[in-house]
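For reference, the chains in residue letters:
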Amino acid sequence: MASARDMRLRIRSIKNIAQVTRALEAVSASKVNKAVAQVEGTRPYADKAWQVLQHVAMQPGRETLHPLLTDRTEVKKTLVLLLSSDRGLAGAYNTNVIRFNMQNFGDKHDITEYITVGKKGRDLIMRRGGNVTAEFSDLPAAPSFMDVSAIGHLAVEKFLEGEVDEVYLVYTDYVNIAKQVPVMKKLLPLEVDDGDDLVQEYGATQKTAAAYIYEPSAEEILDEIIPNFTALQVYQAILESLASEHAARMVAMRNATDNAHELVGALQLEYNKVRQQTITGDILDIAGGAEALAQSEA
Amino acid sequence: MPIRCEIVSQDKKLYEGDVDIVVLPGTGGIMGILPNHAPLLTTLNFGVVQVRTGDEEENFTVAGGVAEIQPDIVTVLADRAENIEEIDITRAEAAQERAKEYMEKGPPPDSDRYLAMSAALRRSNLRLDAVKRYRRGKPKTQAHITEE
Numbered sequence: 582m583a584s585a586r587d588m589r590l591r592i593r594s595i596k597n598i599a600q601v602t603r604a605l606e607a608v609s610a611s612k613v614n615k616a617v618a619q620v621e622g623t624r625p626y627a628d629k630a631w632q633v634l635q636h637v638a639m640q641p642g643r644e645t646l647h648p649l650l651t652d653r654t655e656v657k658k659t660l661v662l663l664l665s666s667d668r669g670l671a672g673a674y675n676t677n678v679i680r681f682n683m684q685n686f687g688d689k690h691d692i693t694e695y696i697t698v699g700k701k702g703r704d705l706i707m708r709r710g711g712n713v714t715a716e717f718s719d720l721p722a723a724p725s726f727m728d729v730s731a732i733g734h735l736a737v738e739k740f741l742e743g744e745v746d747e748v749y750l751v752y753t754d755y756v757n758i759a760k761q762v763p764v765m766k767k768l769l770p771l772e773v774d775d776g777d778d779l780v781q782e783y784g785a786t787q788k789t790a791a792a793y794i795y796e797p798s799a800e801e802i803l804d805e806i807i808p809n810f811t812a813l814q815v816y817q818a819i820l821e822s823l824a825s826e827h828a829a830r831m832v833a834m835r836n837a838t839d840n841a842h843e844l845v846g847a848l849q850l851e852y853n854k855v856r857q858q859t860i861t862g863d864i865l866d867i868a869g870g871a872e873a874l875a876q877s878e879a
Numbered sequence: 067m068p069i070r071c072e073i074v075s076q077d078k079k080l081y082e083g084d085v086d087i088v089v090l091p092g093t094g095g096i097m098g099i100l101p102n103h104a105p106l107l108t109t110l111n112f113g114v115v116q117v118r119t120g121d122e123e124e125n126f127t128v129a130g131g132v133a134e135i136q137p138d139i140v141t142v143l144a145d146r147a148e149n150i151e152e153i154d155i156t157r158a159e160a161a162q163e164r165a166k167e168y169m170e171k172g173p174p175p176d177s178d179r180y181l182a183m184s185a186a187l188r189r190s191n192l193r194l195d196a197v198k199r200y201r202r203g204k205p206k207t208q209a210h211i212t213e214e
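Protein sequence lines, in the order shown, are assigned to chains A and Z. For the first sequence, the positions run 582 to 879 when the working numbering is used. For the second sequence, the positions run 67 to 214 when the working numbering is used.
Hints are not guaranteed to be accurate.
Think about it this way: if two alpha-carbon atoms lie no more than 25 Å apart in a straight line, the pair counts; the simulated DSS-like pairs of lysine-lysine are [unchecked claim]: (1) K198/Z x K615/A; (2) K198/Z x K766/A; (3) K171/Z x K615/A; (4) K596/A x K658/A; (5) K760/A x K658/A; (6) K700/A x K766/A; (7) K171/Z x K612/A; (8) K79/Z x K612/A; (9) K612/A x K658/A; (10) K689/A x K658/A; (11) K739/A x K612/A; (12) K854/A x K596/A; (13) K689/A x K596/A; (14) K760/A x K612/A; (15) K612/A x K689/A.
Hints listed in this document are in silico derivations from the structure and should not be mistaken for laboratory results.
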């Protein structure tokens, strides 16, 4: 059994760890709220932009409207935008999103290239021999659209230049504080369909068939809104991922704190036993000594 | 019959309501949109979006974007937008000053920083102009400003 002194030290260090994990939990909790508020903030714009695209897609001649809307006949290369975190200590957050990615793109290893956001994702993909063509890390804590729009525009550029034929987005969707789900979304070519569910979801009530007047021209307008909309989707995904990361970290840290407290309890009990034993031993020694003394005097 | 107007920027919804006329700074020129307008898609310049209902008038600065017009609704998707009453003049002036100073140093004209600063300068010029032009003659809001 360890000495009483060793145990005292161990208990103290575990208490310190519990304090740190509890602080991290509190920090993450406030960050989750901020990130969620930010996601909500961008939603109206995304909804409206999508609605406008829907209307455009209902116009005659949509197939040839814009290269970003046109499916390629053969997919030779796929681009995946993979969103992960820069830092660990977030439970299974990064592992989950990478595993999900591998389930979807693991067998298409040769024709897939990656743009990663976050150091963890970059490292994990490279360790698996993935082809990472660009990476973004150390994003600001609460990124603005301007901070991250380059990521989406890079993907659009690669698509337009024919370097890749499809662009997917893999990230972690924030459901609630206890649940975050890795998801995959097709970014390009943009799939606009006029199915009823979409019309309902985005409230596109104007099923107008009348042709638009474009100012300056259809092409210029689509050149502006489609890349922007793609970048916006990336932005939203980044915010979702951030919220998920902080939520995952918060839960992980809460578990760590609980475990530390449990461990301290168990150790404290053992320490008390050891201490009691030492005292009993000491008393026995003293009593024995006193007895011996009394006998020799008699 | 009023026309519905919605103004959203990339980070929030700025305005939603039924109005008489919407004035937009389109790339092809300033246009006033009345109810029952033909469907139209236009890109926007730097400028001011005006929304009028009776005597009430609200003004928003936009730094580019897109507007979609349907007979009964105008949707403004602005890259950056602010309600003129909410513009912080001291901050806009400070930003303008900063940008001007930087431009006077004659930096290389194709660097990212140069582009960012000239965009910032354009935005703060726009904000200050808009405040000067549209904030006057509104005693209620003026009192509100001095309070701040």
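Going down the list of hints, with the structure as the test:
no. : hint            : verdict
1   : K198/Z x K615/A : violated (34 Å)
2   : K198/Z x K766/A : violated (46 Å)
3   : K171/Z x K615/A : violated (38 Å)
4   : K596/A x K658/A : violated (52 Å)
5   : K760/A x K658/A : violated (33 Å)
6   : K700/A x K766/A : holds (21 Å)
7   : K171/Z x K612/A : violated (40 Å)
8   : K79/Z x K612/A  : holds (22 Å)
9   : K612/A x K658/A : violated (37 Å)
10  : K689/A x K658/A : holds (9 Å)
11  : K739/A x K612/A : violated (33 Å)
12  : K854/A x K596/A : holds (19 Å)
13  : K689/A x K596/A : violated (48 Å)
14  : K760/A x K612/A : holds (16 Å)
15  : K612/A x K689/A : violated (36 Å)
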